[in-house]
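S.K.: Letter by letter, the chains look like this.
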Amino acid sequence: MTTTPQAVRRASPRTRRAVTPPDPARALLPSLEPVRMIDEQGNRLPERSDYPEPSADALRELYRRMVIGRRFDLQATTLTKQGRLAVYPSSRGQEACQVGAMLAVRPTDWVFPTYRESMALVSRDIDPVEVLTLLRGDWHCGYDPAARRTAPQCTPLATQTVHAAGVAYGEAYQGHDTVALAFIGDGATSEGDFHEGVNFAAVFKAPVVFFVQNNRYAISVPLSRQTAAPSLAYKGVGYGVPSEQVDGNDPVAVLAVLNRAVAHARAGNGPFLVEAHTYRMEPHTNADDASRYRDGAEVDAWRDRDPIARLAAYLRHLGVLDDGAEAGIAAEAEAYAADLRARMNVQPTVDPLSLFDHVFAEPTPQLVEQREQVRAELAADAEQAADERDAHERGAR
Amino acid sequence: MTTTPQAVRRASPRTRRAVTPPDPARALLPSLEPVRMIDEQGNRLPERSDYPEPSADALRELYRRMVIGRRFDLQATTLTKQGRLAVYPSSRGQEACQVGAMLAVRPTDWVFPTYRESMALVSRDIDPVEVLTLLRGDWHCGYDPAARRTAPQCTPLATQTVHAAGVAYGEAYQGHDTVALAFIGDGATSEGDFHEGVNFAAVFKAPVVFFVQNNRYAISVPLSRQTAAPSLAYKGVGYGVPSEQVDGNDPVAVLAVLNRAVAHARAGNGPFLVEAHTYRMEPHTNADDASRYRDGAEVDAWRDRDPIARLAAYLRHLGVLDDGAEAGIAAEAEAYAADLRARMNVQPTVDPLSLFDHVFAEPTPQLVEQREQVRAELAADAEQAADERDAHERGAR
Amino acid sequence: MAGTTMAKALNAALADAMAADERVVVFGEDVGQLGGVFRITDGLLARFGDQRCFDTPLAEAGIVGFAVGMAMSGLRPVVEMQFDAFAYPAFEQIASHVAKLRNRTRGALSVPIVIRVPYAGGIGGVEHHCDSSEAYYAHTPGLKVVTPATVEDAYSLLREAIADPDPVVFMEPKKLYFASDQVSLPVTAEPFGRAVVRRPGRDATLVAYGPSVPVALEAAEAAREEGWDLEVIDCRTIVPFDDETISASVRRTGRCVVIQEAQSFAGVGAEIAARVQERCFHSLHAPVLRVSGLDIPYPAPMLEHTHLPSVDRVLDAVARLQWDDQPDRRWLPALEGSAA
Amino acid sequence: MAGTTMAKALNAALADAMAADERVVVFGEDVGQLGGVFRITDGLLARFGDQRCFDTPLAEAGIVGFAVGMAMSGLRPVVEMQFDAFAYPAFEQIASHVAKLRNRTRGALSVPIVIRVPYAGGIGGVEHHCDSSEAYYAHTPGLKVVTPATVEDAYSLLREAIADPDPVVFMEPKKLYFASDQVSLPVTAEPFGRAVVRRPGRDATLVAYGPSVPVALEAAEAAREEGWDLEVIDCRTIVPFDDETISASVRRTGRCVVIQEAQSFAGVGAEIAARVQERCFHSLHAPVLRVSGLDIPYPAPMLEHTHLPSVDRVLDAVARLQWDDQPDRRWLPALEGSAA
Ligand SMILES: Cc1ncc(C[n+]2csc(CCOP(=O)(O)OP(=O)(O)O)c2C)c(N)n1
Ligand SMILES: Cc1ncc(C[n+]2csc(CCOP(=O)(O)OP(=O)(O)O)c2C)c(N)n1
Ligand SMILES: [Mg+2]
Ligand SMILES: [Mg+2]
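Chains as they are written, first to last, in my numbering: chain A, 1 to 397; chain B, 1001 to 1397; chain C, 2001 to 2340; chain D, 3001 to 3340.
The set of hints was computed from the structure by calculation and includes no laboratory data. Heads up, some of the hints might be wrong.
Unchecked claim - Computed footprint of chain B on chain D, listed as stretches where at least three residues anywhere in the stretch have a Cβ under 8 Å from a Cβ of chain B: (1) 3044-3057; (2) 3096-3110; (3) 3313-3319.
As the list claims (entries may be wrong) - A partial selection of chain D residues facing chain A, derived with a Cβ cut-off under 10 Å: (4) Val3037; (5) Glu3060; (6) Leu3185; (7) Pro3186; (8) Ala3189.
Unchecked claim - Partial list, computed: chain B residues near chain D (C-beta under 8 Å): (9) Gly1166; (10) Asp1177; (11) Met1281; (12) Pro1365.
Idealized CB from N, CA, C, for every residue including glycine.
Here chain A stands alone, though its shape is the one from the complex:
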């Protein structure tokens, strides 16, 4: 009874396909190797027709802001030691990404930063004192996100990617050509919200650039515990989203790739995913002890790929940077840090009753009641303090 399959009548030849269909993945997959435009010594690599090099002026501005950004970052870490900041997550080593991204977008574009992006925000000309408000501890977000089109720095990982999709869609719906750029870390790509955010943007063709700074660690957890993929940029194809990977310590390449990604989104082609391979030179935050999970040799190897030195070398090759200009920018950065230092020395004042001001547009009766209780407590405390002062003064008399 049992016959082997081979005995079977074959399908007629016309049902066979002679030609291989085009591979739909090709247009979506990243380059096989991260895009690089200058090498570690700042030498120019062969041009790529797909990524036009940014103008020398743009690169010079990129350099200037990276220098200031790094100085800002250093100052912020110092402020933690002085107790002026509760905590600070440094992005030293990621300057090409932090600043490059901000030069790729327009002031009218929306930016969705994480806690790591303080440097990016100051590069967007947001007042550094406002940027540090969260970490200073007097309120959750210091700048006006609506006016600056910059969401509050986001801590719940990956949640901001969905907001970026929503803003981008909402802006397009209202006829604006706004792009949303969402920062995200390598670790956070493992969260379900990343999946949902990229997918919503893709399905609704929302103009979002998802910018993954793959700095190799999520606190202590190495990339190998986040993914078994060839690289994170390979996630795009699964959403139908064109993707690229770039050497995140090559400022020229970062800006070039992001320029194209932003243009792609702005032109109505939907989202674009960029993965930048970079490295977090500092611990996760000043409170972290990175020696517990990585060794100095690894960090040293990345020191050789420093994005600022690299860009400086290239700009000198280009002839748009010389000792004088470099010193001028360094001085500007010092002045920036000095101003920040001075302004952070002033202890902010906070009104406890403001706690009730923004829970809702109008407080509920329950909040009014609680506010009244706190007000009474404060009044009683003040009265008691005054009494004690009086008593003390009477005693002193």
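Knowing the structure of chain A, use the given hints to seat chains B, C and D with the ligands on it.
M.R.: Showing chains B, C and D with the ligands alone in chain A's frame:
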């Protein structure tokens, strides 16, 4: 001052790469077209060396179970009309997937079904009355999931994919060669839990087969609202998971591809993602009105690809099926349905106090108290009913 | 006249809000072509186009997060969670963003979205389709939590929710979707934060909301036969909460039973009981009692009647309100047990 | 002797449980090489290897769902959520699976996992790092919810949680991690479901748990100066709850204040207040009062002291317990306002 980038010294030739590196995506991406082994008329298509054809015996068993499965499915829908089931989500049209998957795994493998997989479960020889317990309404899961190595049918979409990863990892950790097969629908791939489930499996190389039945709809929502990807199988590469797409109405191909996927996982190579392109012939459930969102012509087109007719034709070509055998299987299916009908006609009894039995291994004092209250109510009700009966009898006397 | 169902009133509220304000957009799972599994969004796609009413990918965190983003761009999204338990994947977006964004930004950003949640049971639904999840939201500062019990309120509260400058979790009692009433729409009822006395009474106050309001009314009717004249109050909005109306009633009646369908422990009913005894202690002749769902996962259909607060259970509670001024014997064994 | 910190006791409990039972595995974010951001898993990777203690991808639903699957395979996972608010992405897995799996399967499958959640504030943490989320879990039937306030309990309750056949959400008060005490480990304290009188007193009962227990004790100490002798009870486990110990105390003292750090509305404190007045009504000389966090999102560090229940606020509440048997004037305006 400004120089064009072209003026720059080029990187030395040795830093350039002469050879293109191998594409890491190639081994992970699915075939460009869904794998097919027989055409719509049951004719054999050219053999593929990557997917050995299942034995004729296996295919005959596949056919038998598909016929019984369809009859079961029809009976279940009928039971909803008779009020014996609250609701039933039919998988008619998806028989190749439902049954093929169950033939690809061993009894010791774990299966993670959704609400759609009743047919799969009966194909795994789980008592159909137990399978329908949830929909009948007397408890949430009718079979013993530990004994049957079959999780309760899962309603919160995509959540089961993570459990599958956990079970697979846990079994491997304990030295067993168990594979976990997780069913999931096209719509549910949009959930964050799908992302996390596949990623956990990939990072921990857990032996899981993720089996996406892409039946083109999530209730009323068409595939185009779930993804902009070339197809769902393109999601695998983003996790480093090899993936395949298959014609889900070609039972030979479904079994062949799943056999390979299961073997891949069992051999310790980590997870495998399979997308089957199929179609839900019935509404989402009996309570759904599919005419609101799709037209009859679309359904008719899929009728021509009926997996059972297709396999029957092929088996006849193979010479392992003839009129007599077909009639025998049909009779077996009828007997199966008649038995089910009869047993579902018995109204199940449920003890209200059992509500407290399995919240915890030992009820909390709070539950003991609530149980006591319910017990007292039931006793009072019974007493009152007895009184009324007595009164009635006295009145009748 | 056949009357208007709650489902129809909700549908009309959405349509009228969309007609009145271009910024209102409706999206979620199956809300477009299908009109929602309960048909609450029926006809909106046809009338307003697929820019204003559309289906999304199947992902609730995505839906809510997308709404947050759209609100940031100036729109007023109204999203549907298909069933109560299927809003849980969005919990982080709701608790950490929707509820907090105004506060985090000192009011610079607001989230005027409405999250519609068909909730609670009594419809013979299978597991995960009958959860009473209102307490999760009510316990989260920054969310308004609203639940209509009447057709009129369904329309009026939903319009108010959409117009509200803050996020509203709008809990729709599934089992009342097809209850109908003679109401001509549009209609404006009492605003957020006002409870309503649905039935005046002198002897005790029943406090209920959403699906429990009809149970309370039925119990009050049945109690008449036992000689009790019960007042029934419908909270309507859980956040904000109307202490005044409820306290005034309990001070008058001296007795109170709170009814909720949700599991008892740390539910909204506990909050109401705690508030009432805080505010009305010296007027109370008996403890504030609660009639709630059992502290078990929502049961399968054949047992849901054992789980749900029933008229009988409400009457039992009323009977325990110490009409003879005797302490509740139920707790006495506990007293003895712990005397050691 | 320097004493043992709560962090060290938790670490020891994990190590001892892993040594005692091969099925116990520990995983989560940064629990491996780093030993956890609070170092609670310090040394476990080195001692037990990366099969027993390991880092996972950064995804909380994944972590909890993976634990569910591992439990199905016979293991006993202990997972760490890095901070309170970062457990929210796992809410669906917790509410719809962890809490329900035993019940759904009539006991055929159980989920003997422990979900460790460092929670609450008082450490100057930034947003999303200080939520008191215990009520979300306590309101979900099928979860045990445990929270130690002492070093001894940290060890003993965590061991019991790991040994428990059911899922336990183990809430660790961050601000007490580095509080220390003279305890020699291993130690076995009272089991789940037993509250403990931390300080006996005659005039009123303070009920607290987790981070609020030290506040209650400090308040009781301060109250002595005002002439009040306060009893302090530590609930220890929220689910199961010890009605007996608490009711017995309140029946004796006749007055009760419940303290919780979480926002007030529909919190565990509401449940305790509701239960106490249900059970002790005739012994109460005053309503059961609550001292809770404010109903606001957890504030920035510089304002957290205004939010948190303080000794002063507890004393204020005690002062309002109608020692002169006069009704609480606070609610009188409300009474008048609603008289119309
Ligand atoms: C949902 C959630 N889970 C956990 C955390 C705690 N956490 C803060 S940062 C961090 C690591 C993030 O790594 P990555 O995404 O790579 O970004 P990076 O810090 O390297 O910039 C973790 C686990 C969080 N903020 N949110
Ligand atoms: C988390 C969650 N959200 C929503 C639902 C409601 N729901 C049940 S089935 C379904 C459609 C699922 O579609 P798909 O994944 O394609 O599977 P199919 O029903 O086609 O087999 C939806 C939205 C759910 N069960 N769980
Ligand atoms: Mg990182
Ligand atoms: Mg489908």
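S.K.: Now, for every hint given, state plainly whether the structure supports it.
M.R.: Now for the hints, and whether the structure bears them out:
1. 3044-3057: holds (count 3)
2. 3096-3110: holds (count 13)
3. 3313-3319: violated (count 0)
4. Val3037: Holds: closest Cβ of chain A sits about 7 Å from D/Val3037, inside 10 Å.
5. Glu3060: Since chain A brings a Cβ to about 8 Å from D/Glu3060, closer than 10 Å, the hint holds.
6. Leu3185: Interface hint status for D/Leu3185: violated (24 Å vs cutoff 10 Å).
7. Pro3186: 27 Å, violated
8. Ala3189: 32 Å, violated
9. Gly1166: Hint holds; B/Gly1166 Cβ to chain D Cβ min 2 Å, cut 8 Å.
10. Asp1177: 13 Å, violated
11. Met1281: Because about 29 Å separates B/Met1281 from the closest Cβ in chain D, which is outside the 8 Å limit, the hint is violated.
12. Pro1365: 6 Å, holds
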